[in-house]
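Engineer: The chain contents come next:
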Amino acid sequence: DSGVTQTPKHLITATGQRVTLRCSPRSGDLSVYWYQQSLDQGLQFLIQYYNGEERAKGNILERFSAQQFPDLHSELNLSSLELGDSALYFCASSQVGVTSGGHNEQFFGPGTRLTVL
Amino acid sequence: GNSVTQMEGPVTLSEEAFLTINCTYTATGYPSLFWYVQYPGEGLQLLLKATKADDKGSNKGFEATYRKETTSFHLEKGSVQVSDSAVYFCALSDGGGGSNYKLTFGKGTLLTVNP
Chain B
7 DSGVTQTPKH LITATGQRVT LRCSPRSGDL SVYWYQQSLD QGLQFLIQYY
57 NGEERAKGNI LERFSAQQFP DLHSELNLSS LELGDSALYF CASSQVGVTS
107 GGHNEQFFGP GTRLTVL
Chain S
9 GNSVTQMEGP VTLSEEAFLT INCTYTATGY PSLFWYVQYP GEGLQLLLKA
59 TKADDKGSNK GFEATYRKET TSFHLEKGSV QVSDSAVYFC ALSDGGGGSN
109 YKLTFGKGTL LTVNP
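Protein sequences appear in the order of chains B and S.
By the numbering used here, the letter at position 91 of the first sequence is numbered 97, and the numbering carries on one by one without gaps.
By the numbering used here, the letter at position 92 of the second sequence is numbered 100, and the numbering carries on one by one without gaps.
Please note that a few of the clues may not be correct.
Simulated coverage check for chain B against chain S, where a stretch passes if three residues somewhere in it have a Cβ under 8 Å from a Cβ of chain S [unchecked claim]:
1. 34 to 48
2. 51 to 65
3. 114 to 121
If you are wondering where the hints come from, they were derived from the structure by calculation, not from laboratory data.
Heads up, the beta-carbon is just placed ideally off N, CA and C, and yes, glycines get one too.
Full structure from sequences and hints, please.
Structural biologist: Okay, structure coming up:
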């Protein structure tokens with residue numbers, strides 16, 4: 007158990023809909039990362055939040071957005087869903103700070119499997 | 009940009025065989041390197057890491073050495089077990105000069121170990 011929790015575990019929805027995926031980081035971790043895992047694209051970084059602020063963006067579509075709340079949990083919102091958005095969405099957390107020296111050990115949650123029909 | 013290239017699978021071995029999964033990387037600066045493992049139906053678990061050149065990461069009988077001169081971080085295990093069957097991902101984190109430490113992953117290598 008990594009200490010990172012994600013809900014729900016599975017999500018089945020229809021095209022055009024909107025869903026919210028939730029992540030709670032390990033206790034004490036300030037950074038939250040979202041990744042998408044699909045068969046054709048592999049594991050792709052979407053977005054990072056650090057202590058409530060967006061810190062980096064990767065290959066995240068404009069239809070997707072995220073936020074990190076004061077209690078450090080994060081939500082990934084996916085809207086106007088398309089068939090191609092079906093994937094496993096992972097959240098990871100880490101203790102990231104000036105003194106970490108780049109030793110970014112990220113701990114992954116179990117993922118949310120999204121199926122768009 | 010950063011990239012990770014790892015050996016395409018799938019790899020099928022018999023129990024107690026020697027395992028090597030090749031991984032090379034392209035990055036600016038001095039990245040940290042990782043191997044993650046994903047067992048069927050589960051999330052990713054950190055297997056081992058190395059943060060500077062010539063460091064050797066090791067865990068559960070797996071080893072990988074950070075080779076800056078060949079930009080490689082090959083995963084090895086002397087004697088695999090059926091329980092090692094999983095997908096293995098090589099990854100790097102370059103630090104980004106601040107608090108952006110996103111991971112860049114290879115495509116993953118599926119390992120199947122037969123009894």
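Engineer: Three residues minimum, CB to CB under 8 Å: does the stretch 51 to 65 of chain B make the cut for coverage by chain S? Let me know.
Structural biologist: holds (count 6)
Engineer: Counting residues of the stretch 34 to 48 of chain B that have a beta-carbon nearer than 8 Å to any beta-carbon of chain S, does the count reach 3?
Structural biologist: holds (count 4)
Engineer: Closer than 8 Å, Cβ to Cβ, for at least three residues: run that test on the stretch 114 to 121 of chain B against chain S and report holds or violated.
Structural biologist: Check passed, 4 qualifying residues.
Going down the numbered hints, you'll see the structure goes against none, and every one checks out.
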